[in-house]
Structure formats: C-alpha cells, structure tokens
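So the protein lines, in turn, are chains A and B. Position 265 (the first sequence) corresponds to 264 in numbering that gives the first Met the number 0; numbering is contiguous. Position 364 (the second sequence) corresponds to 363 in numbering that gives the first Met the number 0; numbering is contiguous.
Please keep in mind that the hints were generated in silico from the structure rather than gathered at the bench. Watch out, some of these pointers could steer you wrong.
Stated by the list, open to error - Label-pair restraints from in silico Cβ distances: (1) B/S144 to A/L176: 17 to 25 Å; (2) A/P338 to B/A245: 56 to 64 Å; (3) A/L341 to B/K62: 53 to 61 Å; (4) A/N249 to B/K91: 48 to 56 Å; (5) B/Y16 to A/N249: 19 to 27 Å; (6) B/K89 to A/N249: 49 to 57 Å; (7) B/L175 to A/F228: 45 to 53 Å; (8) A/N249 to B/G193: 41 to 49 Å; (9) B/H110 to A/S50: 31 to 39 Å; (10) A/K208 to B/E134: 34 to 42 Å; (11) A/W209 to B/Y16: 53 to 61 Å; (12) A/L341 to B/L175: 56 to 64 Å; (13) B/E116 to A/L216: 29 to 37 Å.
Remember, it's a predicted structure, so these values are computed and weren't measured experimentally. Backbone N, C-alpha and C define an ideal beta-carbon position, used for all residues, glycine too.
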Amino acid sequence: MTTTAIKSSGTMAFRRKVMKRQNICLAVVGILLVIFMAVNILVGSISIPFSEMMDILLSHETTSTKGFIIWNIRIPRAIAAGLGGAYLAVAGLLLQVYFRNPIVGPFILGISSGATLFVSVVMLSTISLGFTMLNPFMCTLAAFAGAYGTMLVVLSVASRVKNGVTLLIVGLMMGYLCHAVTSVLVAFAEKEKIKGFVLWQLGSFSGFKWTEIEIMLVAGGAILVLVYFLAKPLNAFLLGEDYAASMGVNIKLFRMLILLSACALAGMVTSVAGPVAFVGLAVPHMVRLLFSTSDNKILIPGTILVGAMVISLCDFIARMVFSPVELPISAITAFFGAPVVLSLLMKRRVDI
Amino acid sequence: MNTQNTILSTRNLCVGYSGKEILKGVELQFKKGEFISLLGPNGAGKTTLLRTLSKHLKTINGKVLVNNEDISAMKQERLAQTMSVVLTEKVKPPLFTVYDFVAMGRYPHTHWSGRLEKKDDGVIMESLTMVHARELVFRDLSTLSDGERQKVLVARALAQQPDIILLDEPTMHLDLKHRMEVMSILQRLCRDKGICVVASLHDVDIAAKLSDKVALVKGGAIQAFGPPENVLQDDAVTQLYDFSNASFNRMLGTIEMKNSEKKGKVFVVGGMGSASVLYRLLAKKEYHIFTGMLHKNDIDYHVAHSLGAHCLVQPHIDKFSEEICKWAKEEMSQCDWVIDTGFGLEKVNGDNICLLKDALAMKKPVLSLRNGQSREHFTALEYDEIHFLDDECQLVDEMETITFKAT
Chain A
0 MTTTAIKSSG
10 TMAFRRKVMK
20 RQNICLAVVG
30 ILLVIFMAVN
40 ILVGSISIPF
50 SEMMDILLSH
60 ETTSTKGFII
70 WNIRIPRAIA
80 AGLGGAYLAV
90 AGLLLQVYFR
100 NPIVGPFILG
110 ISSGATLFVS
120 VVMLSTISLG
130 FTMLNPFMCT
140 LAAFAGAYGT
150 MLVVLSVASR
160 VKNGVTLLIV
170 GLMMGYLCHA
180 VTSVLVAFAE
190 KEKIKGFVLW
200 QLGSFSGFKW
210 TEIEIMLVAG
220 GAILVLVYFL
230 AKPLNAFLLG
240 EDYAASMGVN
250 IKLFRMLILL
260 SACALAGMVT
270 SVAGPVAFVG
280 LAVPHMVRLL
290 FSTSDNKILI
300 PGTILVGAMV
310 ISLCDFIARM
320 VFSPVELPIS
330 AITAFFGAPV
340 VLSLLMKRRV
350 DI
Chain B
0 MNTQNTILST
10 RNLCVGYSGK
20 EILKGVELQF
30 KKGEFISLLG
40 PNGAGKTTLL
50 RTLSKHLKTI
60 NGKVLVNNED
70 ISAMKQERLA
80 QTMSVVLTEK
90 VKPPLFTVYD
100 FVAMGRYPHT
110 HWSGRLEKKD
120 DGVIMESLTM
130 VHARELVFRD
140 LSTLSDGERQ
150 KVLVARALAQ
160 QPDIILLDEP
170 TMHLDLKHRM
180 EVMSILQRLC
190 RDKGICVVAS
200 LHDVDIAAKL
210 SDKVALVKGG
220 AIQAFGPPEN
230 VLQDDAVTQL
240 YDFSNASFNR
250 MLGTIEMKNS
260 EKKGKVFVVG
270 GMGSASVLYR
280 LLAKKEYHIF
290 TGMLHKNDID
300 YHVAHSLGAH
310 CLVQPHIDKF
320 SEEICKWAKE
330 EMSQCDWVID
340 TGFGLEKVNG
350 DNICLLKDAL
360 AMKKPVLSLR
370 NGQSREHFTA
380 LEYDEIHFLD
390 DECQLVDEME
400 TITFKAT
C-alpha cells in the first residue's frame, strides 16, 4: 500500500507539471493575441502617430476622421476578427470531437455552403419577405437557418450510416447542391446585388458595426460558456458514443447541445463575415499539438485564444500586404495555416 | 432460488434491433462475484444481449434489473456507477496517455468539471495495478500493443468502481499469453473484488475452466444456463456450434478435430494414455482409426472417442473378456496397418500383447514405439517382423513407405 501511495503522488506531481506547462502556453498565446489585436488597431492604410492615437483612444473621440477610423473601423474590425476566429475554431473542435474525425470542420460538412445559399437567397432574389430594406439581421438569420438546415440533413444521414467517409461525402454533396442553387440565383440576379454577394462570399471582417459586435459578443459568449461546461461530456465523446453512454452521459441531450452550439457559432460568423475557410479545421489541430493533449477542458480555452490570434494575424496580412487592396481572408488563412498544420504533423509524427 | 446476492437479472427479456427479435424469453440471474460466460456461434445474439444489459439497446420486451431496479428507469449516471463495459470497437483517441484514458472511468464519480481529486488518482492507479499495467501509465495509448490495450480497457472499466463489468469478446485478437492473462485478471476481479463479470467468449475450453456459470446462446434463445460442469455436456457444445468435423469432450475440456478418413484403416493397440498423441496425429493425416482394447477410464478412450475413432472398449477394469478379444481380432483383420504404442504391460492389459502377436500371425505390417526391456515380450522371429520406431512422426512416415511397397 505504501508503494501505491508514493507512486500515486508521483502521477499527481506529473499532472501538476503538465498543467503548469499548459497554463504557461495559454498565457503566451493570450499575450500574443493582445499584441496582434493592438497591432491591428495601431496599423492601417492611414498612418496615425502613436501620441495622437493614444489621445483618441483615451478620450473616446469619434468626431474627427482619425477618431472615426479608430473607433468605428479599426477597433470593431479587430474585435470581430478575434471573435470570428475563436467561434469558428471552437465550432471545428466540437465537430471533430463529435464525429471523432480529424478532417471535419464547418466547411467540409456543408454548414458554410448552406449558410451561403440562404444568404444568397436573401441578398440576390427579389423575395424580401415583407422587409423593404436589406436588414443585417435578415442576413444573419438566413445564414443561421442555412447552417442549421444543412446540419440537420447531414445529421439525419449520419444517424443512418454511422460511417465517417459517407458522412463527408454527404457534406460534400450538400456543398455542391447549395453551390448549384446559389449559381442559378447569381445568374438571374441584378448586377449591383451580385457585387455585394461576391464580396460577402470572399469573406471579410471589414465594415462591422458595434451593434453586430454586441450581438456576437453576447450570444457567442453565452455559447462559449455553455461549451466550456460541456468539456467533461465532450471528453467522454472522444471514446465514442457507446462508451460515453456507459459512463453516464445523456447521449441525446449532449449530442443536440454539441451540434447546436457548433452550428450556432459557425452560422453566426459566416453570416456576418462570409465563409471563412480553414480556421475551423486547422486551429483545433494546432492547439492539440501545441498543448499535446486531447483534454477539452484545456483545448476549449486554447482554441478560443489560438483561433482569435490566428485570424487577427491573417486579417492583418489581408489588409496590409497589398494595401490598400484587401485580400480575401480565406485565402490568407489557407496560405498560412495549411503548411503550418502539415509541418506540425510531420514533425510530431502524431497519428491524429 | 436465493435472490439475495443477485445483482443483475432479466425477466422474460426479449432483445433485438428495431423490432426484429433476436433472443426471446431470456431469464438470467447473475450474482455478486460470479464469472459468467456467454457462449454461442457468431451472430447468435451474444453482443445484442450484452448491449441490452448495458442499456445501449432498448429492450423489445421484458426487463433488465440491476439490484432489483429496472435499468430503463435508472438515470444513466447512476447506472454508470454500478456497471461498466468493455466493447469490441477500437478506441483510438489521439494524444491520450494511458493515465488519461483510465481516468475517463472516473466520469460518473467526478463533478461537472471532471477534476480529479487525490482519491480518484488512487483508484486509477489501483485499477492499473490490478491489470498489471502500472508501468504503462505514462505511455501514449496509440503506442500500445493489442494485449496491453485490452488490459488498459479493463482498467478503465474498473476505474468506474462498478459492481458489474460487461465485456464483449475481451480476448479477441489477443495472443495466447495475453488471452490467459486477461482471463485470469477477470477471474481475480470476481474473486477478490466481488465484481460480477459477464463476458462473451469464443474459447469454450477456457470458459469451462474459468467461469462460474455459462449461458449458451443459440437459435433465438438461451439454450442453457448454469455451471459449466452441468451445462457443457459433449453434445450440448457440439450442437451449440454445429460441429461437423470436431467434437467437445468435457473430461478433456477441449475440442478434438475429426478429419476425413480416406487414407486407409489403421488399428492402434494402445492404452493407459500411450496412444493419445498418436490418435491426433493419425486423424490429422486422415487415417481411419480403429483402436482397442481399452478400458473406459483410459484417457486414450476419451481422445479416440472424440476423434471419432472406432473403439473396442470395456466398461469395467478387469481382464478383457473373450468376446471383446474376438471382435478386436476381427476388426484388426480388416486393417492395413497395426500399431503398437508401447503401452504398459500390466495384468489387465496383457491381452493386448496377444493381439499384436495375432497381427503378426496375420502378416499385417506391425509398427511399434516400444523400447527397452519390454521388447523382450516378442520372440526373436516376431522381433524381426516388427518396424521399431522412436516417435509418432517417424512412425507415420514409415507407414507411408509401407503402403508404397505394397502397391
């Protein structure tokens, strides 16, 4: 018994060491995130001297041109980018855990193309559903409905086939279908509407209003809190639904909670920023390798911070490289993210 | 029946998938500390039964009771504190150490955040110790061998501190060493911890030796349920698996393989265990075996009988009766070879040496494994006729050369 006691405390010490390392990792990522967001606010196509910047920030002055740029363009954009990255990354993590499949993400399962389809219906068609003005809420609502509808179709198939590859093909087919309908709508749409839609489709965090950010913060924040409370059942899902059930997880309830959360997060970002590729797929992998764990209690905060950080960096690049021309954010995320994930996987030789 | 210690039982249970009945009228009672094996051919419904007992499948009819409480009315978490499972599905969560994995078993005992207290750590390490997997604690789950992984899976189930563990084919894909190790671990869980272990198994021989009770699952029902000593009769097992070229012998506790008998007839004169290995070899090489004269308590009789050999056997231990000697001589005259296994020459066995002398008189080819002094029982003339050989394999080779000469 005494040897057991000694060895047990050994594992406790080991776990404390691992936890300490993970906390340091979290802190470093957090600091990097703050730096990137600050840079996003400080640097732009119009250069503003640092002292003036501080004045504007401290006095909350929005009347001058520079004050308007800072308070109504740069700051909302920096925050939106951070939130968008965090939400997409968490949505990807949830889906990867639920499907026990490393190559699923909001994009691959057709959630984003579903959202795109519904947004295109609202933006391109003459169906205004009684609204005379194109309401940003309508757009958000449409994207949410699109994401949710696609997810329901994929899920209803998933419950029948229980085969990862089939499920991915279903997602792919949903994507093609949505794309087909969208392209028909584009063919019939008015020119000026198409431009708005194409710009939306490229994905961008520009032009955010404070009201949108408030909604994203409150709704998304609530979901993130919920997701953090789901960390324990999520961990159980890593072993598959059967084991999870045998350990006391209420499968039906948590399945719905996980999928609805993922859907709500992905749909929310897609609706306001357009389809932003790759983040949902890649960030969870980066975080797993960075923290070298599958424990969702660490992965969830990790994914939030790394997702926000990655998107902040990518948005900065999208804005600045060919300034004043802006690059689509999806292009940047893929350009930089894919090689990073590949090299991480090669180096660690981890079979994920 | 004493229901006091009954921990898991079924009442008129009907199991199956989506309305399709697979097993009907299942009445089982499992007690604390019992090792129960579910035996039956593939597709008989063992897994379906286990999945229903673990509440993974809904019952079509009837009830499953844990501590006299219907599990369909039980909260999932409370059931998880009483019952844990080891499934056949491959679990490969990425970046999981063995410790993390076993710690998952603490799920129903930790609060919402899943934080592990010192007590949990103790249970995890004890579980690993019980399955001899302590040294694996910091290894990554994906680097384990099949045998090591199976032990870790059992440790995870143990960490749930259950009263019942259900295992679906726990020895599948394991080598002999790990198969025996896992089985003995499971048995110790019953004996030392008082856990009720229910496992579906394919090795009848191991199940018979380890389990307290066995349930035979076949043909849409539980064919029999009880101690293996009662249930596993030769015919019951042979029928359970529809053996056509094999048979189970409960005394030997093993399965003997029959074979086609196309290579010609051979008469084996044996007894007292001297012929058992040879019988198996001859059956494997597709000879038609006749043997005698044996007493019914002889292991040679049990092996030969299971192999489907034609046995001349006498129930009581005494000198062989004249009648049986006559039959033996008759059958021997039909055979192409006669083999002397070098059996011991006690009084009750004495007539067998006469049988060999008769064979020589009939000019049958006689092959012998006899050595040393006991060869002196043959006359010099007889001695020259006999092919003396050192072991069974040489003997069978020699038989083939004799056929060759004859043709």
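Now the hints, each set against the structure:
{"no.": "1", "hint": "B/S144 to A/L176: 17 to 25 Å", "verdict": "violated (45 Å)"}
{"no.": "2", "hint": "A/P338 to B/A245: 56 to 64 Å", "verdict": "holds (59 Å)"}
{"no.": "3", "hint": "A/L341 to B/K62: 53 to 61 Å", "verdict": "holds (54 Å)"}
{"no.": "4", "hint": "A/N249 to B/K91: 48 to 56 Å", "verdict": "violated (24 Å)"}
{"no.": "5", "hint": "B/Y16 to A/N249: 19 to 27 Å", "verdict": "holds (22 Å)"}
{"no.": "6", "hint": "B/K89 to A/N249: 49 to 57 Å", "verdict": "violated (24 Å)"}
{"no.": "7", "hint": "B/L175 to A/F228: 45 to 53 Å", "verdict": "holds (47 Å)"}
{"no.": "8", "hint": "A/N249 to B/G193: 41 to 49 Å", "verdict": "violated (29 Å)"}
{"no.": "9", "hint": "B/H110 to A/S50: 31 to 39 Å", "verdict": "violated (52 Å)"}
{"no.": "10", "hint": "A/K208 to B/E134: 34 to 42 Å", "verdict": "violated (60 Å)"}
{"no.": "11", "hint": "A/W209 to B/Y16: 53 to 61 Å", "verdict": "holds (55 Å)"}
{"no.": "12", "hint": "A/L341 to B/L175: 56 to 64 Å", "verdict": "violated (42 Å)"}
{"no.": "13", "hint": "B/E116 to A/L216: 29 to 37 Å", "verdict": "holds (35 Å)"}
Checked against the numbered hints listed earlier, the structure breaks hints 1, 4, 6, 8, 9, 10 and 12; every other hint is satisfied.
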